[in-house]
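Protein chains: 2
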Amino acid sequence: MPNNNGNSKEPARISNAVIKRLPRYRRYLAELRKKGVEKVSSNELSRLMGYTASQIRQDLNNFGGFGQQGYGYNVNDLYGEISGILGLDRNYKMVIVGAGNLGQAIANYTYYYKTGFIVDAIFEVNPKMIGLRINDRNVLDYEDMVPYVEENKIDIGIICVPKENAQEVADKLCFAGVSGIWNFAPVDLEIPPHVSIENVHLSDSLHSLAYHMSKR
Amino acid sequence: MPNNNGNSKEPARISNAVIKRLPRYRRYLAELRKKGVEKVSSNELSRLMGYTASQIRQDLNNFGGFGQQGYGYNVNDLYGEISGILGLDRNYKMVIVGAGNLGQAIANYTYYYKTGFIVDAIFEVNPKMIGLRINDRNVLDYEDMVPYVEENKIDIGIICVPKENAQEVADKLCFAGVSGIWNFAPVDLEIPPHVSIENVHLSDSLHSLAYHMSKR
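Residue numbers (full-length UniProt numbering), protein chains in the order written: chain A, 1 to 216; chain B, 1 to 216.
Read the hints as simulated data drawn from the structure, not as lab findings.
Predicted model, so just to flag it, every value in this text is computed and none were measured.
Hints are not guaranteed to be accurate.
For chains that are exact copies, the list does not tell them apart, and a pair is met inside one copy or across any two.
Listed next, the in silico DMTMM-like pairs over lysine to aspartate or glutamate satisfying Cα-Cα at most 20 Å (straight line) [what the hints assert, rightly or not]:
#: 1; residue 1: K20; residue 2: D204
#: 2; residue 1: K215; residue 2: E81
#: 3; residue 1: K153; residue 2: E143
#: 4; residue 1: K172; residue 2: D141
#: 5; residue 1: K215; residue 2: D89
#: 6; residue 1: K215; residue 2: D204
#: 7; residue 1: K128; residue 2: E44
#: 8; residue 1: K114; residue 2: E164
#: 9; residue 1: K93; residue 2: D204
#: 10; residue 1: K172; residue 2: E44
#: 11; residue 1: K128; residue 2: D144
#: 12; residue 1: K163; residue 2: E31
Model the full assembly from the supplied sequences, consistent with the hints where possible.
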């Protein structure tokens, strides 16, 4: 779970529930932009996204009221505003730790889909992989990770190692100065309070699916 | 997001918030079991997991009250009970669609970590990959997926294809009779109401991380 630092200094205090929905709004707005759509009403967004129109108005009212009665929302403005709130109006430098299938999948994914999130290098312990290139990025020796992260001012460390090694990797990344950890290892990590963490617990997601299936 | 069918016929009506926490409880109980721990108090669970003891008691009271004053919870019983509630007291047959890095990572992950969730086969359109074996599983022609899913009574389809193809894959899986979809494509899919879906939206997770970092 992400650390919730309740002491945000931003103008509006937006609830975590709304924050969780913002990336989804942004995704739909990006699609509309791509199609050349310039404005969209809460009713249209409701049809697309499945939230009620009143929920959408409530959510979007949280940060300025650029919805106009009888006009709707300006797609570009709203997209830009949400991007800013999510901290997506800047670039993030990242390293991937673990060059196995998962690490490679994340490297592919960010390379093709995530502008603004740039993988600088991939670190690995397996000597057979060190020196390879994946999506134009070098696979480097895990031993050299700490100085690399320090010197290159890396923002985010992506943990794609077995769960037994995940805490040690997290400790080193935090020591080297990352401010965010994106963790794919199936374990809860301890990190210092000034570092943000987001876990992708595949296991929890699969179990949640099983629960919903078994309740039908 | 998973479909929430509010009309569960199970004895207790457990809130979605609690359900979301159950896999995490189960993970910690599994670790305790592995270490040979037989009983655990809400205070000990609190120290391990970071929830308050009163939150833990409230959560676990939802399904029978096997916590005993001064004794705590029987680790095995609690693990079994939670497994049952989550639908993990049975096996699930799964197919993976898309044998790229992500599909292979999921195949590895389920093979090594997820007893009870068995990948039967992996389907792929790329002729160079058809016929290969990944973790003892055959990579089969995507063209043959529908009859295979029907004949082998597959429960869950795992979508690891590019987002442009994800809806078509979901349609075929649902037509062929799966009751659950585990979707890794960065797109919201339309599925019939009798099928459960769980999305792993990497993009949303990364954006949530960026948000928490930018607010510090």
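So, going through the hints one by one against the coordinates:
1. K20 / D204: both (17 Å within a copy, 8 Å between copies)
2. K215 / E81: This pair counts as between: shortest inter-copy Cα distance 15 Å, intra-copy 40 Å.
3. K153 / E143: within (17 Å within a copy, 47 Å between copies)
4. K172 / D141: Within one copy only: 14 Å inside a chain, 43 Å across chains, cut-off 20 Å.
5. K215 / D89: between (42 Å within a copy, 13 Å between copies)
6. K215 / D204: So K215 and D204 pass the 20 Å test inside one copy only (17 Å; across, 27 Å).
7. K128 / E44: Neither way: K128 and E44 sit 53 Å apart in one copy and 43 Å across, limit 20 Å.
8. K114 / E164: between (29 Å within a copy, 16 Å between copies)
9. K93 / D204: This pair counts as between: shortest inter-copy Cα distance 18 Å, intra-copy 28 Å.
10. K172 / E44: Answer is neither: 47 Å inside a copy and 28 Å across each miss the 20 Å cutoff.
11. K128 / D144: within (16 Å within a copy, 36 Å between copies)
12. K163 / E31: Between copies only: 12 Å across chains, 36 Å inside a chain, cut-off 20 Å.
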